[in-house]
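Protein chains: 2
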Amino acid sequence: MSVSKKSLQIQKTYEALFALEDIREVFRQSLPTGFSPAEQEEFSKDLSRIKNIIAELESGQGKPSCNRIGKLDARTREEEFINIHPIQAAGRLTPEARKAVISYGDGYSTCDYCRKPFRLDKITRPPIEEFHQSLAKFLNMDQARVVPGARRGFQAVTQSLVEKGDSVIVSALAHYTEFLAVEVAGGVVKEVPLSENNIVTGEAVARKIEEVKKETGKLPKLIMIDHFDYQFANEHDVCGIGKVARDYGIPFLYNGAYTVGIMPVDGKKFGADFIVGSGHKSMAAAAPSGVLATTDEWAPRVFRTTQMVGDLTSRKFGVKEVENMGCTLMGATLLSMIASFPRVQERTARWDEEVKKSNYFLEQFQRIEGSRVLSQWPRKHTLTKVDTTGSFDVVAKTHKRRGFFFSDELKERGIIGEFAGATRTWKLNTYGLNWEQIKYISDAFIEIAKKYNLNVN
Amino acid sequence: MSVSKKSLQIQKTYEALFALEDIREVFRQSLPTGFSPAEQEEFSKDLSRIKNIIAELESGQGKPSCNRIGKLDARTREEEFINIHPIQAAGRLTPEARKAVISYGDGYSTCDYCRKPFRLDKITRPPIEEFHQSLAKFLNMDQARVVPGARRGFQAVTQSLVEKGDSVIVSALAHYTEFLAVEVAGGVVKEVPLSENNIVTGEAVARKIEEVKKETGKLPKLIMIDHFDYQFANEHDVCGIGKVARDYGIPFLYNGAYTVGIMPVDGKKFGADFIVGSGHKSMAAAAPSGVLATTDEWAPRVFRTTQMVGDLTSRKFGVKEVENMGCTLMGATLLSMIASFPRVQERTARWDEEVKKSNYFLEQFQRIEGSRVLSQWPRKHTLTKVDTTGSFDVVAKTHKRRGFFFSDELKERGIIGEFAGATRTWKLNTYGLNWEQIKYISDAFIEIAKKYNLNVN
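Which chain is which? The protein sequence lines are P and R, in order.
Residue numbering for the first sequence follows this note's numbering, starting at 1 and increasing by one per position.
Residue numbering for the second sequence follows this note's numbering, starting at 1 and increasing by one per position.
Don't read these hints as lab results, they were simulated from the structure.
One should not assume that every hint holds.
One copy or any two copies: either way a pair holds, since identical chains are not told apart in the list.
[Claimed, not checked] Straight-line alpha carbon distances no greater than 16 Å define the calculated EDC-like cross-link-like pairs of lysine to aspartate or glutamate that follow:
| # | residue 1 | residue 2 |
| --- | --- | --- |
| 1 | 5 | 39 |
| 2 | 450 | 369 |
| 3 | 411 | 112 |
As the structure is a prediction and not an experimental result, all values here were calculated from the model.
Sequences are here, hints too, so could you generate the full structure?
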């Protein structure tokens, strides 16, 4: 099978999916009693179109289609290429999530059977309430809510705990959304320095707390640290940090944007008061989605319900949670999380294998002289920062396409997701690639190196 | 075509969509060089399955499938029934949005070509930047951002403008999310009383402002009023309110959750400083999604960028907007909005026809003695509160299924979306139904009334 045959077949797959959506629309426009003659004709036309598409999908022969949706191109990157993009890997939908998104795409699709007390996480059909319980258990926490992205989980916590001028401990590798969450609550970030190998330790957190206490006369209100950071995906000492947090009586927010959904996360073990995870980054869910879990101790505060009373009507809106603004993910986002969840649970149990594949690839990668891994080595994660200043960047210096030569070479081999044009320090993620794909990209990197006469050990 | 044939065909449509997703997964697991023998076999098996499904879809004969996705049922309500649910009508996806959701479901699918300055609304491929400009223009405002639901738009505004103890003017029919947005910012709601026909007027707002001034010694910080409210969908005097807001120099947030995306909205005409709309309620987009638009005057405040500086690293995250927590809708939600937008623009221009259909249905409905429209009459909206205490509730009183008899009768006729069991006051929405469907539901209501010997005039 040639690459172009595969590419055509992918186009045809989309074409068939789209044609079926056209058929679905005929049903939507029709009466419960059945089709009108015009609708019957449209249905038949769409159907014969689909049959042709399926024939071309099977044979791999035919004219490539123009699968545009208005001004949008159909996105076929995940089918046509191996994608090593640093943040897209674990947010790719499972087939189950894609089916859920097809079924539950409509706006308020989760609300068909919403009954008292009228809150998303209490809905039993589809089994949203049950999912919330499973989520809490999955993280070994007491309660969980879904939120529109990890950042909204941070925000709910900072706005509940932090007042104007309060300090919040973050890592020197903190993600920008942690900065924003502190800022929006009126707080001030205090960064913990890294050890020489770019790790945040419990001791460093303790020292920073003492510094803040000395400087401001007050303890920080919150410690918010990533288990694995977004820059190097190094593992930070969350157990040690959790212990320090307990010693000082400061609540600890465990940022699991790069862990929840891909590796086992045990909130109690880490001593976490809050766990935040990202649906679209690590739980194979559509964006924006995420999870905020907490303990029974903190739930009344961060999940506090509305106290506002209408001055004229005396209206009160009972169980609606202030920081969540009531309901959060009313449709495809939540249902994609739910649909992916069984597979997400399975895959977290297979995390060691993912790390093994990551290390295998990077071992091959480091055979190319001048190529280095900047993240902690051996890897404990599939996201890695690499430095190719001494290898591919040397080629880029004299190549007429500059750094883009490397993107060109990768793309020609069916690999995408590197930061196009970057040949010095850049990030990649091997999460979810199978062994064949891992070996394929390993070979591809070596092959490109050899083509440009770089030394391969 | 019998109802059960249609139902089977709908099942088969989903079955085919799901089988194509299985094929898509084979591509995703394969190498750029092509299928392995095992993959080829899987592909062939899926393909022959699809061919059988298509044959059954065509003939309308075959065994109904079990289209479950784990614990989730496939949601076929929109295909199998006419849905008159009060809040689902205008959030149903267009076929274009459904195709976009299929293409862009994966987590960070919008981020393939994210380049400096690394912010969602600046991305040009897909044309997200252009969409933001179109959105602002569509609302006749200067700037727009997408947000995870209208509620998050309210919140961005209240948190930017309202401080602890400040008053915010809302309507006595304000939605609970407006209450929460005020509460989360530390403010206090002050409700404007309704006129005898349940309308909020400019004069009533002015009087309330004076009251608040007298009571608190300060002017309210914000006026937040729905153009059409969620209870009756009555039209409130937003032009008059906008004028009062200008007279007092108080910013005016126009809540367009029930207007933006279905009827023309002109921010300048209303004197709006902020316009908030809902993607999943009125813009045919997946949840959670929405829009927050403002003027060049207010943009620097509500869209202010981060000022937080790392105390250790001196890191700053330049253009990220604090209230939006950086990027907002990174995938299917935004792309569904964009894909629906051309059709959304068209349909807003056809709003009068939608109102005409709503009035037609309700005229028929009111022929059933004892049935009343509680919303303003004639209707200026497609969402309506009705009272059937004098008609269907009389039947319910002695029926063994109580109020559910009415749901049963509707469902038997292929109509859903009423609040199951409710036969006194309840809400319905005819938005987006075509004339055949409008006439069909009109006839169905009359038929049910006659069946139970209610008088029909």
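The hints, checked one at a time:
Taking the shortest alpha-carbon separations for residue 5 and residue 39, only the inter-copy value of 15 Å comes in at or below 16 Å, while the best intra-copy value is 34 Å. With identical chains, the CA atoms of residue 450 and residue 369 are at most 16 Å apart within one copy only, with a shortest distance of 11 Å there and 86 Å across copies. Taking the shortest Cα distances, residue 411 and residue 112 sit within 16 Å of each other only across copies (14 Å), while inside one copy they are farther apart (45 Å).
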